[in-house]
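Residue numbers (my numbering), protein chains in the order written: chain L, 11 to 109; chain P, 155 to 338; chain E, 2 to 386.
Just so you know, the hints here were simulated from the structure itself, not pulled from any lab data. Careful: at least some of the hints might be erroneous.
Pairwise CB distance ranges, derived in the manner of DEER restraints [what the hints assert, rightly or not]:
{"hint": "1", "chain 1": "P", "residue 1": "Arg196", "chain 2": "E", "residue 2": "Ala111", "range": "15 to 23 Å"}
{"hint": "2", "chain 1": "E", "residue 1": "Ala44", "chain 2": "L", "residue 2": "Asp54", "range": "49 to 57 Å"}
{"hint": "3", "chain 1": "L", "residue 1": "Ala45", "chain 2": "E", "residue 2": "Tyr214", "range": "21 to 29 Å"}
{"hint": "4", "chain 1": "E", "residue 1": "Glu56", "chain 2": "L", "residue 2": "Glu107", "range": "50 to 58 Å"}
{"hint": "5", "chain 1": "E", "residue 1": "Gly383", "chain 2": "P", "residue 2": "Lys265", "range": "31 to 39 Å"}
{"hint": "6", "chain 1": "P", "residue 1": "Arg197", "chain 2": "E", "residue 2": "Asp256", "range": "49 to 57 Å"}
{"hint": "7", "chain 1": "E", "residue 1": "Ser210", "chain 2": "P", "residue 2": "Arg196", "range": "54 to 62 Å"}
Which stretches of chain E does chain P cover? Using the computed rule of at least three CB atoms under 8 Å from a CB of chain P, they are [claimed, not checked]:
{"hint": "8", "region": "170 to 176"}
{"hint": "9", "region": "218 to 232"}
{"hint": "10", "region": "263 to 271"}
These figures come from a predicted structure and were not determined experimentally. Ideal Cβ placement from N, Cα and C applies to all residues, glycine included.
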Amino acid sequence: MKDKKKAEKIIFKTEKEVPLMPMSLGSMLYNKTGAWRNIRPVIDLGNCIQCGICWKYCPDVAIYIENEFPVVDLEYCKGCGICAEECPTKCIAMVEEEK
Amino acid sequence: MIEIRFHGRGGQGTVVASKVLADALAKEGNYVQAYPEFGVERRGAPVIAFIRIDDKPIYDKSRIYAPNHVVVVDPTLVEAIDVTEGLKEGGLIIINSEKNPASFEFPAKYKVATINATGIAVKHKLGSMAAPIVNTAIVGAVVKMLGLTKIEPLLAAIKEGVPTRPEDNMAAAEEAYELAEKSV
Amino acid sequence: MKKVIMGNHALSWGAQLGRAQVIAAYPITPQTQVVELLSEMCASKTLDAKFIKVESEHSAMAACIAASIAGARTFTATSAQGLALMHELLHWASGGRNPVVMGNINRAMAPGWSIWTDQNDSLSQRDTGWIQFYCSSNQEVMDTVVQAFRVSEELMIPSMVILDAFALSHTYEVVDIPDQDKVDGYLPPFKPPVRLTPSDPHAFGGLTSPEHYFELRYKLQKDMEKVPDLVEETGREYEKLFGRYLGQVEDYRCDDAEIIFVTSGTAGYTARVGVDQLRQDGIKAGNLRIKMFRPFPFAKVREILPRAAKVAVVDRNISYGHHGVFYQEVKSALYGRDHDRPPVFGYITGLGGRDIMPETFKEMARMTLAKDKPEEDITWMGVKR
Numbered sequence: 011m012k013d014k015k016k017a018e019k020i021i022f023k024t025e026k027e028v029p030l031m032p033m034s035l036g037s038m039l040y041n042k043t044g045a046w047r048n049i050r051p052v053i054d055l056g057n058c059i060q061c062g063i064c065w066k067y068c069p070d071v072a073i074y075i076e077n078e079f080p081v082v083d084l085e086y087c088k089g090c091g092i093c094a095e096e097c098p099t100k101c102i103a104m105v106e107e108e109k
Numbered sequence: 155m156i157e158i159r160f161h162g163r164g165g166q167g168t169v170v171a172s173k174v175l176a177d178a179l180a181k182e183g184n185y186v187q188a189y190p191e192f193g194v195e196r197r198g199a200p201v202i203a204f205i206r207i208d209d210k211p212i213y214d215k216s217r218i219y220a221p222n223h224v225v226v227v228d229p230t231l232v233e234a235i236d237v238t239e240g241l242k243e244g245g246l247i248i249i250n251s252e253k254n255p256a257s258f259e260f261p262a263k264y265k266v267a268t269i270n271a272t273g274i275a276v277k278h279k280l281g282s283m284a285a286p287i288v289n290t291a292i293v294g295a296v297v298k299m300l301g302l303t304k305i306e307p308l309l310a311a312i313k314e315g316v317p318t319r320p321e322d323n324m325a326a327a328e329e330a331y332e333l334a335e336k337s338v
Numbered sequence: 002m003k004k005v006i007m008g009n010h011a012l013s014w015g016a017q018l019g020r021a022q023v024i025a026a027y028p029i030t031p032q033t034q035v036v037e038l039l040s041e042m043c044a045s046k047t048l049d050a051k052f053i054k055v056e057s058e059h060s061a062m063a064a065c066i067a068a069s070i071a072g073a074r075t076f077t078a079t080s081a082q083g084l085a086l087m088h089e090l091l092h093w094a095s096g097g098r099n100p101v102v103m104g105n106i107n108r109a110m111a112p113g114w115s116i117w118t119d120q121n122d123s124l125s126q127r128d129t130g131w132i133q134f135y136c137s138s139n140q141e142v143m144d145t146v147v148q149a150f151r152v153s154e155e156l157m158i159p160s161m162v163i164l165d166a167f168a169l170s171h172t173y174e175v176v177d178i179p180d181q182d183k184v185d186g187y188l189p190p191f192k193p194p195v196r197l198t199p200s201d202p203h204a205f206g207g208l209t210s211p212e213h214y215f216e217l218r219y220k221l222q223k224d225m226e227k228v229p230d231l232v233e234e235t236g237r238e239y240e241k242l243f244g245r246y247l248g249q250v251e252d253y254r255c256d257d258a259e260i261i262f263v264t265s266g267t268a269g270y271t272a273r274v275g276v277d278q279l280r281q282d283g284i285k286a287g288n289l290r291i292k293m294f295r296p297f298p299f300a301k302v303r304e305i306l307p308r309a310a311k312v313a314v315v316d317r318n319i320s321y322g323h324h325g326v327f328y329q330e331v332k333s334a335l336y337g338r339d340h341d342r343p344p345v346f347g348y349i350t351g352l353g354g355r356d357i358m359p360e361t362f363k364e365m366a367r368m369t370l371a372k373d374k375p376e377e378d379i380t381w382m383g384v385k386r
């Protein structure tokens with residue numbers, strides 16, 4: 011999968027290098043957690059009733075609304091499947107990622 | 155250091171009386187510590203408030219067991235409880251009453267003084283005959299009887315600290331102050 | 002400006018002078034007046050802060066942590082059951098390096114349901130990584146809140162300003178409230194090294210493997226060890242500006258003492274009256290009042306206590322299955338030395354609001370001086386047996 015980032019193991023050599031507080035090291039703008047995904051949501055916009063439930067339920071704020079329809083942000087979607095589970099018209103399918 | 159205990163019933167403003175007195179004395183540069191008897195309170199039940207006054211910082215944070223003087227805001231308490239408990243010998247008992255001090259049967263080792271705070275409060279239309287707000291009048295008398303301070307800081311304290319009808323409260327305090335006599 | 006105010010309001014005034022920006026709190030006796038006055042201050046805009054109403058103390062601390070990580074100076078207050086309810090988040094605020102300042106009214110833990118004072122509630126939290134200050138006067142409460150913001154924000158460690166229920170919280174004392182301008186000169190705005198911001202988003206407090214957790218916590222302890230010197234430094238600075246020194250401990254007549262009491266809270270001031278009465282009776286007593294309990298003031302305790310032949314620690318608390326908390330910690334501070342290690346006597350008194358009087362100290366002195374060494378680890382003062 012061309013999105014998948016190679017996870018680098020970061021080890022600090024001394025406590026001086028460790029940040030003051032437990033926090034993600036790079037900016038989350040560059041930490042594309044979508045690389046974790048094994049299955050991805052695919053929304054059938056023809057059957058979508060624009061209720062907004064998938065947008066509300068996504069725990070990672072990885073669905074956004076564009077031209078009044080939901081769009082999945084694949085850079086951050088982790089494929090948890092909650093949107094598909096909650097969709098009232100079942101128009102979201104969870105599809106396996108290509109290897 | 156002087157320790158004074160106030161006796162009243164919940165809702166009469168006994169605690170406010172001790173607070174106003176504390177404010178007045180603080181204005182004159184005194185150190186004060188004022189607190190109610192700690193517990194759950196309800197209207198009509200006996201309440202107690204305490205005040206310590208000194209010209210240097212007060213470090214004793216224990217309860218007052220042996221006050222120098224006692225103030226009884228509600229005269230029915232004289233029969234109901236022992237207002238003299240712990241009172242030091244020679245202490246002054248100030249009672250809100252129109253009766254003569256001699257008509258109270260306290261041991262001879264104590265002095266008694268009375269002030270008709272209820273009458274003064276009603277005259278200035280503070281509360282009603284059934285539920286008069288006597289605390290400012292009481293404090294006016296206490297300040298004169300114990301020689302604690304002059305009337306001016308007390309009036310200033312009432313003006314700042316009493317939320318409703320400060321002018322009437324100030325007038326009541328002043329009238330009580332004039333009527334009272336220094337007794338210690 | 003001198004005002005006669007209650008201890009609870011002294012906390013509110015401290016938060017106002019400290020220019021707290023976010024306040025999230027839940028009411029509990031005997032803390033309610035703190036929050037009442039703060040909400041009035043926010044409503045009248047004398048305090049420019051966002052007041053968040055929450056449904057529990059746990060949520061109050063959660064809101065404070067979140068506001069703090071977003072870069073706001075935060076304040077809250079609670080007591081006993083409320084402090085216990087936020088326990089897991091106390092660990093979060095310290096581990097997450099959020100400099101929240103919290104007022105805690107020492108109230109006895111239920112059951113039996115009690116609104117009177119003892120120290121078990123805050124001492125149960127001594128391991129959570131918070132700085133703890135035990136205050137003995139309303140003036141000290143207000144001053145310490147201001148100093149706490151300064152110390153906490155410089156080292157990014159939360160702190161608690163602690164006062165006794167009723168004996169301080171509801172007691173009116175004269176407090177000299179300083180000018181806002183002068184306080185601004187002492188306490189600059191909060192400028193955290195890192196904060197949550199959409200322009201540079203980070204995740205805070207996430208999964209941390211054994212590879213790094215140890216070092217994060219090592220750093221917290223190392224920064225805690227810097228607190229004593231910072232308290233002294235900021236305490237002296239406060240004295241220069243406002244005339245009142247805010248240190249780690251208060252040494253009263255310890256120089257030539259034959260017996261030194263170790264006390265805290267309002268008992269720490271009543272002890273002075275006891276000490277003066279003992280001195281009049283010919284007994285050279287002294288009082289070491291511990292103001293900063295966490296971090297423990299090792300250097301001061303090791304310096305001052307050996308001046309006396311005997312030490313009497315007065316605990317208004319107990320660690321069940323062990324002994325009084327200050328007793329344990331004083332003993333451990335003196336352990337391992339060949340000399341300068343006077344025998345330490347432990348007294349427990351005043352639990353659940355039982356009064357501690359000058360006479361109590363006279364009795365404890367008499368009992369301590371009657372023995373060469375303590376015969377038991379706990380001497381119960383005043384328990385009806």
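Going down the list of hints, with the structure as the test:
1. P:Arg196 with E:Ala111: 15 to 23 Å: 21 Å, holds
2. E:Ala44 with L:Asp54: 49 to 57 Å: 52 Å, holds
3. L:Ala45 with E:Tyr214: 21 to 29 Å: Holds - the Cβ-Cβ distance for L:Ala45 and E:Tyr214, about 24 Å, lies within 21 to 29 Å.
4. E:Glu56 with L:Glu107: 50 to 58 Å: At roughly 42 Å between Cβ atoms, L:Glu107 and E:Glu56 fall outside 50 to 58 Å, so the hint is violated.
5. E:Gly383 with P:Lys265: 31 to 39 Å: 34 Å, holds
6. P:Arg197 with E:Asp256: 49 to 57 Å: Roughly 53 Å apart at Cβ, these two residues keep to the hinted range, so it holds.
7. E:Ser210 with P:Arg196: 54 to 62 Å: 58 Å, holds
8. 170 to 176: With 5 residues closer than 8 Å to chain P, the region 170 to 176 of chain E meets the three-residue bar; holds.
9. 218 to 232: violated (count 0)
10. 263 to 271: holds (count 4)
Of the numbered hints given earlier, the model fails hints 4, 9; all others are met.
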